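Residue numbers (the numbering used here), protein chains in the order written: chain A, 59 to 297; chain B, 521 to 1066.
Just so you know, these hints were derived from the structure itself, not from any lab. Remember, predicted model here, so these are calculated numbers, not experimental data. All residues carry an ideal CB built from backbone N, CA and C; glycine is no exception. None of the hints are false.
Computed from the model, here is a short list of chain B residues facing chain A with C-beta under 8 Å:
| # | residue |
| --- | --- |
| 1 | Val905 |
| 2 | Leu912 |
| 3 | Val979 |
| 4 | Phe1048 |
Derived contacts from chain A toward chain B, CB cut-off under 8 Å, selection only:
| # | residue |
| --- | --- |
| 5 | Thr120 |
| 6 | Ala153 |
| 7 | Arg185 |
| 8 | Val187 |
Have a look at the derived ranges for each label pair, beta carbon to beta carbon:
| # | chain 1 | residue 1 | chain 2 | residue 2 | range |
| --- | --- | --- | --- | --- | --- |
| 9 | A | Arg98 | B | Arg803 | 46 to 56 Å |
| 10 | B | Leu786 | A | Gly226 | 53 to 63 Å |
| 11 | A | Glu195 | B | Ser553 | 49 to 59 Å |
| 12 | A | Pro221 | B | Ala600 | 51 to 61 Å |
| 13 | B | Glu1055 | A | Pro221 | 32 to 42 Å |
| 14 | A | Glu195 | B | Gly1019 | 30 to 40 Å |
| 15 | A | Phe268 | B | Phe1054 | 47 to 57 Å |
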Amino acid sequence: MVARDVIADLSQRIRTIERTGQRCATKSDLTANGLPGLERLLCEAGWPRGGLVEWLAEGRGTGSMCLALWASRAAWHNSLLVMIDSQRELYAPAAIPFAVDLSKTVFIRPERPPDALWSLEQVLRTRGVGAVVCDVEQLSPQACRRLQLAAETGGGLGILLRPAKARGQPSFAEYRFLVQPLPPPDARRAAVVAVSRRWRVELLRGRKRFGGDSVIVELSDGPNGLSLAAELASATPAA
Amino acid sequence: MARMVCLWLPNWPLQRLRHERPELQSRPVVLFSNTGNRGPRVAVVGRALLPVSENKTGKSAHPTLEHGLTIGMPLAEAEALLAGHDAHIERHDPVADVAGLRELARTCNSFSPLFGIEKAESPECVLLDVTGCEHLFERRPGKHNLVAALTNDFRQRGFQVRAALAPTIGAAWAVAHCLAKPHQQPMLSDEELEEALAPLPVTALRLPLKMVETLHELGLYRIGQLRALPRESLPSRFGSELLQRLDQAFGDAAELLVAERPAEPLAVTWVTDEPLTDRESLRFVCRELTDELMGQLKPRREGVRQLLCQVKGTAARPVELLVSLISPSDSTKHLLELLGLQIDRADLPEGISFVRLEATGIASLATRQRDLFGLEADTDTHREVSSLLDRLSNRLGATAVVHAALVPDAQPEWSVRHEPIALECGVSAPLWTVSAKRHSRPKIQSGADTPHSKESLSVRPLRLFVPPQPIEATTAGPEGAPIQFRWDRREHRVIRNWGPERIETGWWRDQSICRDYFRVETQTGQHFWLFRCFEVAAWFIHGAFD
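Bound conformation, chain B alone:
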């Protein structure tokens, strides 16, 4: 019989979310969905693994979790229960869950050529057909078997998994859910199948909830009990699905694994015996390669968003040049220009004999609709601006070309966050509409509705020194405003001051602050932003009103 591995990622929606956003690791997370017309309901909740024992005994399909939360309870109730627990609440996104699991499955191609995800409403398992692959792993030193290696691989990437190997998909699923432990992966042979599955609960058969309840009402809790019943009586009592699942688990009916296809890399390579010696020749090679790459992309109506260029010389390590674009482009000229900027600055190896160009990011091109009233010129400007940003990002580095996003934080140095434009922009919309809508997270505000929006001189200095610079200051009293201070090798006498403005952060911060800010005007008419720091009882200059 075949050899199947089931890799179960318990509570996958949460695991995915925590993997994407590590800052949620220690916080309780609640995902809600709007099904039916009863308002938002809790769909997924938790901090760690779902208690498996609940499934095993099959007593409750909706286990009660910490803080008294249950699946399906109204969101408002959950919010009340979680008040003060710093919980993260978000809408459940089942589509992203499936896509994430698919992507995860594709990373398994070093273990088996056939891999996919389970067919279910909300899948949580990756399935692998490892028939004929096991012996490849037994000979490796330090690795006992394929399943252990697979589990370790996932664990190292930060996922919690349960895995099992069995002759059928159904059996692997059942064993992974009921018998597998974090560090113990059961492996069933054909002979052990019958014996191992008999004591497992009926929920291990992947049955719908309603049927499980019916079985429980009749006193049928174990798979063994079902096997003991006359086979022909089952469909008339429970429908055809029960028999089908039973047969699939024991290998009497076939079950198809829908394999994911690994994404094909789009790359072109150039190899020579006569090594290149100058940058100009490299540029020429790159032009040829880019032309070839674009030729492959054109029929697909796609453009490049990210281009990786590997250059190998006599040195062992290849040099990698990465070109990222704001919006996908199919223009050879533009890509070459960006690549050229990198080639100019890169430390290229001696005697280049191998160049590989790979389109690591591909996106469909924006459709260019011609407008009757001459708006074409406007899109030209947009294109010119995004080409400018591409050039800047590629020469100066992505982190040097940024947008500023306001964060509602009392501490001035934390109240703005710089986000690289190259990594975040969308595909086809003009630059600014994308940047404004990009984040729907409630924490980020756009400029218009913040307390800074009023036209005023008194808000904050245009230049902020991070970190603040210590100064020596003379004050009018122990709690008073500064009269004189020394900064930048010069003595400044204060003639006017505005303040104090107390800025304090809460104790829950790692490093809470308590500062009294003064805006001061010196005798030369310069305006500075000074503060008294209460933690260290010293004065600092934090900015200049330039």
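For reference, chain A alone in the conformation it holds in the complex:
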């Protein structure tokens, strides 16, 4: 018991040192994780306020945004959500199931990629913004560092949706996940009633832990809304 307390205290102090601001990761600095099963990949009990989380996926229609919104939906509870939409593709009605209140959501539709990055930094730097969602294709290490510092100042959660080819690039994000959609188990192909989706979510890297672990997550439409369909499969990466 005592040893555990000491370790907790030490890790708390390390966090304080790691963070540039005067804040440290106490419980109020965390936003609840809305996706049970994913906590195995996180080093704390939720998402860090004032940090970046990258969600990587290959191609369109993979569901990475759906997962990201579902997992971090507590971040915009009672505060502002900003969605930066340079492609002008985001469809607001579809975001409502993810606890998005449109009256507290601002859509920013910049025309040029540098404007999108500038807006992202401005939004992250502002206190009172719960979370910001943005597609980021290219990101230099310097720009990423700036974003992370901005997020620490503002205290919001930055959700960056990125292509899979960004996996080799350096990052200052708290977590970088790779989302891979999985085909349904063969047994369920025949009887299609409710919409369900499966993903393997792999932690590529985290600021405080090594990557490589993965979990399989499944979401489906239940009678009472979205639910985790079944007990999760074991977190063994595919051989």
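Since the structure of chain A is provided, determine the placement of chain B on it from the hints.
Just chain B now, kept in the frame of chain A:
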């Protein structure tokens, strides 16, 4: 005698509404009010001008209009009569009508220095004192006289007007209502006054309805008939008002025109002989000017909502930078920051020698009440957020920073509308409360009570491609689901699908649609939203469930 112009805007409440919302042009409009305790009654109704002949003969004060509607009938009855006519029904707002007319009157200052609106319960006329102004217009080529120019000016702005010029306000009012035609503006001289007014109906004297009825009962229909009666007998029979109106019309009693004061522009200017060459100096000038402007605003306890900065260089055309704010601000620093964002991006002229800063939008500042329990921090956050939105709107453009409002429309691409935040937010309330309450129009729903509100994967894709992109698809049969399709230079094989969901719009749309939507899952686990379009018998991809 003086020269007065009366500019009548028939059915002004409707004209105002149609001017503000052009989409109502072709629809019948009914405005109702809740006077008395008999439930809502029709107050104003119509499509075009009120038939003037009704007024002329004075037979009926409440003319019957199209669809059998009358003023004062119960609203429910009117709704029943208008069923199927796509009518627009709204509460009558007399205060906005008066304010609108006042604002309109203020636009007349190029015709006369003295202008105002008529004194009445529901005014419909703009009055101008043009004594000594007429000759200024006669010499202009192509314009015959002042009244014609004035009428044309209003017509070009989309208003229907009747105008007349006469020596008195009363006479101008009478002639504008009874003799003026859309393209004919009577102009009376002092000598013609008596002769012109005599054949006009007594309603032209601006009398109360009850008195008109009494006069009609006695067989008095024309002003001439009234003039023939012994003058001293009139007050004892009809009260003093009749005589007063009669005297005002014929110029025997004075009538005051309460002039509207033109709004004074709040602006500061900086001119130099030594032109500026770099942006840094321009910033410095702007700082000085903003300080001066704020100094003028501070005693009024007002802040700027919109700031126009004109920069003139050697080129003929000045460059205009417009700064719009979410909520009024009196902070020089904040305004300068926003102006700076525009200066950085603007294509500034060479050799700047003239800078003008004008506060085109002014509003009273929100009162900041300090709270005992530390809610001050919260308002700080609000301020920070609105400052952020100001910065974004000013750098990216107002249309790039938007709210999404749901519209109950079956066609997915029309079921959401993006509204710029900068133009619509209120003055002092926090951002989100304003945006939620801003529109009381019934058509817009807020997120909570829509069919989308259930937590579900199956509603709509998070990314919608507008317009939909055509794809080549192989289907299971003529009406069946897609099996394979080609999109984004890749072949996708469908392993599961959900659908079809038929989305169809009515024939009354210009371009009605009939589509069968399928949500498909490809062998790689990607989910897309495809539809078969029946009009062109082709497949399209409309979105991705990202």
